[in-house]
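These protein sequence lines are chains A and B, in that order. Following numbering that gives the first Met the number 0, the numbering of the first sequence begins with 0 at its first residue and continues without gaps. Following numbering that gives the first Met the number 0, the numbering of the second sequence begins with 0 at its first residue and continues without gaps.
Keep in mind that the hints are not guaranteed to be accurate.
[Unchecked claim] Pairwise CB distance ranges, derived in the manner of DEER restraints: (1) E796(A) - P11(B): 49 to 55 Å; (2) R887(A) - F10(B): 40 to 46 Å; (3) G380(A) - F10(B): 20 to 26 Å; (4) E69(A) - Q34(B): 28 to 34 Å; (5) Q34(B) - Q64(A): 28 to 34 Å; (6) Q34(B) - E796(A): 57 to 63 Å; (7) Q64(A) - A85(B): 20 to 26 Å; (8) P11(B) - R887(A): 56 to 62 Å; (9) A85(B) - R46(A): 32 to 38 Å; (10) P11(B) - E69(A): 19 to 25 Å; (11) R463(A) - R38(B): 40 to 46 Å; (12) E370(A) - P11(B): 32 to 38 Å.
[Claimed, not checked] Counterexamples of contact, computed for chain B against chain A with all Cβ distances above 12 Å: (13) P11; (14) T21; (15) L32; (16) L90; (17) V94; (18) S95; (19) L108; (20) A109.
[What the hints assert, rightly or not] Stretches of chain A that chain B covers, calculated by requiring three or more beta carbons in the stretch to come under 8 Å of a beta carbon on chain B: (21) 18-30; (22) 47-56.
These are computed hints drawn from the structure, not numbers from a lab. Each residue gets a CB set at the ideal place from its N, CA and C atoms; glycine is no exception.
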Amino acid sequence: MNWFTQLFCRRQRFDDISQEIREHLDEKVEELVAGGMSRTEALAAARRQFGNVTLIEERTREVWQWPLIENFFTDVRYAVRMLRKSLGFTAVAILTPALGIGANTAIFSVVNAVLLQPLSYPQPDRLVALVRHFPQGNGTSTSIPKFMVWREQKQIFQAVTAYDEAGPGMNLAGVDIPEQVKGIHASADYFTVFDAPFAAGRAYSPDEDRPGGPRVAVISYGLWHGHFGGDPAIVGKTIDLTGDPYEIIGVLGPTFKTDLPLDVWLPLQADPNSTDQGHYLVCAARMRPGVTLAQAQAAMKVSAEEFRRKYPGPSMDANETATAVPFLDLSVSDVRPALFILLGAVAFVLLIACANVANLLLARATLRKREIAIRSALGAGRRRIIYQLLTESVLLSLVGGALGLALGYAGVRPLLAVNPVAIPRVGDHGSAIALDWRVLAFTLVVALFTGILFGLIPAFSGSRTDLSTTLKEGGSRTGSGFRHNKARSILVVSEMALALILLVGAALLIRTFETMRSEKAGFDAHNVLTMEMSLSGTRFAKTAGVAQAVREVERRVDALPGAEAVASTCCLPASGLDIDLPFTIEGQAHAAGANDGDEEWRNVSTQYFQVFRIPLIRGRVFTEDDDAASSERVVVISESMAKKYWPNGNALGAGITIGHNVGPEFQEPPRQIVGIVGDARDAGLDSDPVPMMHVPEAQVADGITALETRVLPINWAIRTKTAPLSLSADIQKELRVATGGLPVAHIRTMQQVIGESTAIRDFGTTLLTAFAGVALLLATIGIYGLMACSVQQRTQEIGIRMALGARPEDVRKLVVFQGMRLAVIGVVIGVGAALGLTRFMASLIYGVKTWDRTVFVSVVALLGAVCWFASYVPARRASRVDPMDSLRYE
Amino acid sequence: MTKSNEQRDLFPGALEMMILRTLKHQPLHGYALVQHIKRASNDLLQIEEGSLYPALQRLLKVKLVSAEWGVSSTNRRIRIYKLTAAGKKHLEHEVSRFERMLEGVTRVLAPVKS
Numbered sequence: 000m001n002w003f004t005q006l007f008c009r010r011q012r013f014d015d016i017s018q019e020i021r022e023h024l025d026e027k028v029e030e031l032v033a034g035g036m037s038r039t040e041a042l043a044a045a046r047r048q049f050g051n052v053t054l055i056e057e058r059t060r061e062v063w064q065w066p067l068i069e070n071f072f073t074d075v076r077y078a079v080r081m082l083r084k085s086l087g088f089t090a091v092a093i094l095t096p097a098l099g100i101g102a103n104t105a106i107f108s109v110v111n112a113v114l115l116q117p118l119s120y121p122q123p124d125r126l127v128a129l130v131r132h133f134p135q136g137n138g139t140s141t142s143i144p145k146f147m148v149w150r151e152q153k154q155i156f157q158a159v160t161a162y163d164e165a166g167p168g169m170n171l172a173g174v175d176i177p178e179q180v181k182g183i184h185a186s187a188d189y190f191t192v193f194d195a196p197f198a199a200g201r202a203y204s205p206d207e208d209r210p211g212g213p214r215v216a217v218i219s220y221g222l223w224h225g226h227f228g229g230d231p232a233i234v235g236k237t238i239d240l241t242g243d244p245y246e247i248i249g250v251l252g253p254t255f256k257t258d259l260p261l262d263v264w265l266p267l268q269a270d271p272n273s274t275d276q277g278h279y280l281v282c283a284a285r286m287r288p289g290v291t292l293a294q295a296q297a298a299m300k301v302s303a304e305e306f307r308r309k310y311p312g313p314s315m316d317a318n319e320t321a322t323a324v325p326f327l328d329l330s331v332s333d334v335r336p337a338l339f340i341l342l343g344a345v346a347f348v349l350l351i352a353c354a355n356v357a358n359l360l361l362a363r364a365t366l367r368k369r370e371i372a373i374r375s376a377l378g379a380g381r382r383r384i385i386y387q388l389l390t391e392s393v394l395l396s397l398v399g400g401a402l403g404l405a406l407g408y409a410g411v412r413p414l415l416a417v418n419p420v421a422i423p424r425v426g427d428h429g430s431a432i433a434l435d436w437r438v439l440a441f442t443l444v445v446a447l448f449t450g451i452l453f454g455l456i457p458a459f460s461g462s463r464t465d466l467s468t469t470l471k472e473g474g475s476r477t478g479s480g481f482r483h484n485k486a487r488s489i490l491v492v493s494e495m496a497l498a499l500i501l502l503v504g505a506a507l508l509i510r511t512f513e514t515m516r517s518e519k520a521g522f523d524a525h526n527v528l529t530m531e532m533s534l535s536g537t538r539f540a541k542t543a544g545v546a547q548a549v550r551e552v553e554r555r556v557d558a559l560p561g562a563e564a565v566a567s568t569c570c571l572p573a574s575g576l577d578i579d580l581p582f583t584i585e586g587q588a589h590a591a592g593a594n595d596g597d598e599e600w601r602n603v604s605t606q607y608f609q610v611f612r613i614p615l616i617r618g619r620v621f622t623e624d625d626d627a628a629s630s631e632r633v634v635v636i637s638e639s640m641a642k643k644y645w646p647n648g649n650a651l652g653a654g655i656t657i658g659h660n661v662g663p664e665f666q667e668p669p670r671q672i673v674g675i676v677g678d679a680r681d682a683g684l685d686s687d688p689v690p691m692m693h694v695p696e697a698q699v700a701d702g703i704t705a706l707e708t709r710v711l712p713i714n715w716a717i718r719t720k721t722a723p724l725s726l727s728a729d730i731q732k733e734l735r736v737a738t739g740g741l742p743v744a745h746i747r748t749m750q751q752v753i754g755e756s757t758a759i760r761d762f763g764t765t766l767l768t769a770f771a772g773v774a775l776l777l778a779t780i781g782i783y784g785l786m787a788c789s790v791q792q793r794t795q796e797i798g799i800r801m802a803l804g805a806r807p808e809d810v811r812k813l814v815v816f817q818g819m820r821l822a823v824i825g826v827v828i829g830v831g832a833a834l835g836l837t838r839f840m841a842s843l844i845y846g847v848k849t850w851d852r853t854v855f856v857s858v859v860a861l862l863g864a865v866c867w868f869a870s871y872v873p874a875r876r877a878s879r880v881d882p883m884d885s886l887r888y889e
Numbered sequence: 000m001t002k003s004n005e006q007r008d009l010f011p012g013a014l015e016m017m018i019l020r021t022l023k024h025q026p027l028h029g030y031a032l033v034q035h036i037k038r039a040s041n042d043l044l045q046i047e048e049g050s051l052y053p054a055l056q057r058l059l060k061v062k063l064v065s066a067e068w069g070v071s072s073t074n075r076r077i078r079i080y081k082l083t084a085a086g087k088k089h090l091e092h093e094v095s096r097f098e099r100m101l102e103g104v105t106r107v108l109a110p111v112k113s
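Let the sequences and hints guide you as you build the complete structure.
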């Protein structure tokens, strides 16, 4: 009720004031007329003596107002009115920032989901991953002995756990079709470290987590409901997992989510006295309250030294130590640089969009000079006018921002669909990307900032008016139009510099793409189908069982009409998954415990090289005879390994002992090198070829088979005559029969496997190219707009020139020259900046230098051509000016 | 024309003080007030007639004067301002302050006795 009466009172008050002032003037006029003046003179004199009537009335009203707020609302209303008048301009001025802001919102929401959102565990900032540290980086996998030493840091860590880094997948039987579920072995403290809530039952205790302990399992909420139908009697139930019976003792709560979805947790049951040097575990810990990351890192260094003392020798490299990193880093450190580059790129696009809108506003300011001059004459201060103009631009950008938010949010999912595997933590099809407060706040801040940024220059230069000239002149052809043009030129030049930087970045990525595609991968990935299988059960406890299954698979699949060859391996090429083992070369003297090298190793079946068409360079590949019964142990090495260790070229026939000093499971007699094959880029297409040892599946030591079965799935690769997926169902059937009913998982073509290894870079390349394209388009529009406007402003001048004898070509050249001059300046600045900035992209680029000549030359040429074209079109229009018309044109 | 451009021979508050003083004599309406001040100062003070109105509203806002509509002798509808009790007190306070200030300035400006 109060505000209403106040409002009403105010109305009344303002009316009173108006009336009072009118009365005053009337009285004055009467007096002057009575004194002999004519009525008209008296009216003028009265007003003059009174002062600026409008201004005084406004000042009087202001006594009862809060000027700041009142002004703000007035400005907003005025701005809306002005913008509604010129809908075309308004539309463009809203859409342009909307696109820029939308792109920024989209990328930021991805960054938010990946880097900023805290992990879903309780108190995630206390979680760290304990990793091995080398000068060149960190190694996330660790071994059992290292875990045992690290977990002794009890003052620093509340709890320490180790769990399988990957898992072979576990075969869950007991229903019609056995299913492969994702499960890991985790030490008992896992549930303490991650503070996992339980929906039913309990976690396994440290007592159950010792070697030879009971077979118990904890399952996820999803598995409980999905597979067991939410059975209320689930605790205590026995299930058939990996061929053995396990008792379910606990079910985790529905809120517990891991980065990679997991269904089953089994006790690690690691032997504290183990000397197993295999690194296949991830170690995580929860810091005690009050402990800082720096303290944890220092403690880990101490721990590393302790390990070295306890286990001297090859189990730890000379330059290896240990450290702690925030747990989030495990999943995101790969993708972080790409995301930051994208953020930078999209900021550039926004800046270019701002420059375009600023140009638009400047052009419009020239048209509004009269209006602003009149307002100024009526008493508006310069600051007032600037505020009003800024209000207009901020209003534009806020509306653009709202539109951009919608665009960005809608656009993120299709964007991610381009490359779904690339980004961690975004969920299936970007489901984890939400419009939370951070994204909204970001968009709001960006929109405000954008509005002020592109509004500032037009506001300042538009409010500076020479009153008398503007009011006297009829048109807007001279005067501050010139000053505006200078500002606009500067804007266009900066647009071009920014666009050039983006184009260079995109071009570098595209060249990398081309280089990687054209560089021989070393193997043929077309028409190859891959599948994973977890070889659980006693049948596969020893190599003989595995070898027999492989032979059976070969027999059955080779019989299929569409299949050319089939092979098994522990690790697919270019999958990024590898095992590495040390070895010694026969015939060379060694100190006890010293190795000659440590290289990648994989076990493959006989048709492996055939399936992937890896060329044989010397010697032979494996045959059926290279099995356990044969007396000769063989190995086939890759070309780079031959070059590295036998530079004189006599690798063939040499003997090496693999797995020396690593542990009893890995002990095996020396092998003879029987073949040298071409390099296949096994560590992913973006690195140099790695030396590789291949051993036949049938000759693998039993200890290694046991370890592998526990830690990795076996990969089947089949070369097909036609489209790989068409044969998928048949192959699956044969595989199941040959292995006694084991389920198959993760069916992908080899092309998909390769795609996954370059996923992040491909994603970045696609986006950056898109941004560069948008930037180029905006910059072109910018320069075209400037030239067109300039031509229009100079119509009279052009007419005069032509009347004085200039030919159309001369006029064209004049305009194009003007445009190109701007282009050259922009290019020079842009190239300078690009040379400095592209070094930040170094991690994403391969095979191309950051200052690659071809890239720079072609980008400059592209930009130059585009600018030339953008200047030529208005130039043509200028040259068509009829001197007679232009001289008459007002 | 902004506030800063107004010719200010007067210090802030001077106009209000003079208005209050004038109204102490008798209630007046805006035009009469202006004429009175002009006459009383012997035209020594150049005041924009309109500048009175914001000052009047300020005084009205802090309730140092009150206003009501009336009819003038010439049958004109006018708004008459009247000094309130608070206004009277404020006036006395301001006048004494002003006189003190004036004395201080006069002393400083006085020729030094040789």
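Structure-based check of all given hints:
1. E796(A) - P11(B): 49 to 55 Å: About 53 Å separates the Cβ atoms of E796(A) and P11(B), which means 49 to 55 Å holds.
2. R887(A) - F10(B): 40 to 46 Å: Violated, at about 60 Å.
3. G380(A) - F10(B): 20 to 26 Å: Holds - the Cβ-Cβ distance for G380(A) and F10(B), about 23 Å, lies within 20 to 26 Å.
4. E69(A) - Q34(B): 28 to 34 Å: holds (33 Å)
5. Q34(B) - Q64(A): 28 to 34 Å: holds (29 Å)
6. Q34(B) - E796(A): 57 to 63 Å: Check passed, 58 Å falls within 57 to 63 Å.
7. Q64(A) - A85(B): 20 to 26 Å: Because 23 Å falls inside the window, the suggested range holds.
8. P11(B) - R887(A): 56 to 62 Å: Given a distance of about 57 Å, which is inside 56 to 62 Å, the answer is holds.
9. A85(B) - R46(A): 32 to 38 Å: holds (35 Å)
10. P11(B) - E69(A): 19 to 25 Å: At 23 Å between Cβs, range holds.
11. R463(A) - R38(B): 40 to 46 Å: holds (44 Å)
12. E370(A) - P11(B): 32 to 38 Å: Check passed, 34 Å falls within 32 to 38 Å.
13. P11: Non-interface label on P11(B) holds, nearest chain A Cβ at 14 Å vs cutoff 12 Å.
14. T21: holds (16 Å)
15. L32: With a cut-off of 12 Å, L32(B) comes too close to chain A, as the shortest Cβ separation is near 10 Å.
16. L90: Nearest chain A Cβ is 19 Å from L90(B), so the label holds.
17. V94: holds (23 Å)
18. S95: holds (26 Å)
19. L108: holds (32 Å)
20. A109: holds (37 Å)
21. 18-30: Result for this restraint: holds, n = 9.
22. 47-56: holds (count 8)
When held up to the earlier numbered hints, the structure conflicts with 2, 15 and fits the remainder.
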